[in-house]
Amino acid sequence: MPELPEVETVVRGLRGPLKGRTFIDVWLDWPGSLAFPTPNEFRTQLPGQTVLGIRRRGKYILCDLTDSVLIIHLKMTGRLYVVPDTARHEADRWVHFRFQLDNGHQLRFSDPRKFGRVYLTPEPDWIIGKLGPEPLDDSFTLDAFQRQIARRKGTLKPLLLNQRFIAGIGNIYADEALHRAGLHPLRTADSLTEDEQARLYESIRAVLRQGIQYEGASINWYRKPDGSKGESQEHFRVYGRTDAPCPVCGTPVRRIVVGGRGTHFCPTCQTR
DNA sequence: CGGACAACCTGGCGGC
DNA sequence: TGCCGCCAGGTTGTCC
Numbered sequence: 001m002p003e004l005p006e007v008e009t010v011v012r013g014l015r016g017p018l019k020g021r022t023f024i025d026v027w028l029d030w031p032g033s034l035a036f037p038t039p040n041e042f043r044t045q046l047p048g049q050t051v052l053g054i055r056r057r058g059k060y061i062l063c064d065l066t067d068s069v070l071i072i073h074l075k076m077t078g079r080l081y082v083v084p085d086t087a088r089h090e091a092d093r094w095v096h097f098r099f100q101l102d103n104g105h106q107l108r109f110s111d112p113r114k115f116g117r118v119y120l121t122p123e124p125d126w127i128i129g130k131l132g133p134e135p136l137d138d139s140f141t142l143d144a145f146q147r148q149i150a151r152r153k154g155t156l157k158p159l160l161l162n163q164r165f166i167a168g169i170g171n172i173y174a175d176e177a178l179h180r181a182g183l184h185p186l187r188t189a190d191s192l193t194e195d196e197q198a199r200l201y202e203s204i205r206a207v208l209r210q211g212i213q214y215e216g217a218s219i220n221w222y223r224k225p226d227g228s229k230g231e232s233q234e235h236f237r238v239y240g241r242t243d244a245p246c247p248v249c250g251t252p253v254r255r256i257v258v259g260g261r262g263t264h265f266c267p268t269c270q271t272r
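Residue numbers (our numbering): 1 to 272.
Calculated directly from the structure, the hints in this document are not laboratory data. In this text, a Cβ means the ideal position worked out from N, Cα and C, and glycines have one as well. No false leads were mixed into what you were given.
With a cut-off of at most 20 Å between alpha-carbon atoms, the simulated SDA-like pairs for lysine to any residue come out as follows:
#1 Lys130 / Leu159
#2 Lys19 / Val83
#3 Lys153 / Thr193
#4 Lys75 / Pro31
#5 Lys19 / Gly104
#6 Lys153 / Leu192
#7 Lys19 / Leu101
#8 Lys224 / Gln213
#9 Lys224 / Ile212
#10 Lys75 / Asp92
#11 Lys130 / Ala144
#12 Lys224 / Met76
#13 Lys114 / Glu90
#14 Lys75 / Pro112
Estimated spans, in silico, between C-beta atoms of each pair:
#15 Asp125 / Arg88: 32 to 40 Å
#16 Asp85 / Asp138: 37 to 45 Å
#17 Lys75 / Trp126: 14 to 22 Å
With these hints in hand, go ahead and build the complete structure from the sequences.
See below:
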């Protein structure tokens, strides 16, 4: 679930509880979620390291430590939160990692579907190095976007989901951005006029900013680090609204499958 | 390069 | 209530 706005919200919520803390122990019960290194190396290397900062790159959460980087990808159902040691972890049956902090609290990683991944490496570039630009960075200008999309010719929906094209967009915000831009998800990149390119650029930034403002979308599994729900889902125009009226024109929203992903759009507002 | 599809896992939900 | 099939916010690898 977690896309850029959800991951950004998690990072902002964890910064306070984690910054300056030192890991003193770690426990895990599903080695398959640990992408790198081995569980033994992980348990040896992490304790003693202090959290210097926490940031986001695409949908990855990066925790800068004394001499390496702890990286977590939530994939579909991951949750990350800090609680006192005394909070029973059995209350959340999907906790697969517990990171013991030096202040009587634990960082916990919960993930029902076990798609999420944890990495600990001194050099994170092999994990995040091929990601496309950060869509909300100042360096991601309309000019840069137009130069980038001019080299592509594929279908818009899969292109927006391609993390090498732009980092952080997922199925929800791809559908929302295309609706806002008035572009059909089956349009191709090489069919866009300059004006349509500009609309897509503005729309991508607007829906992501709005997602952050509403602190993410809690359709199913996503929660903020304090356990509460985001409210971005209250403001969707098409995502998950099959057969409901388009808020702009009233036409029933349609759902099709594009590139294997459920895709929602307004057949009136989004032209081919 | 691009599209189609399987794989990794489990839970929630609608239908019967 | 129970069981079944379908759907799910992500990513990677394979095959054509």
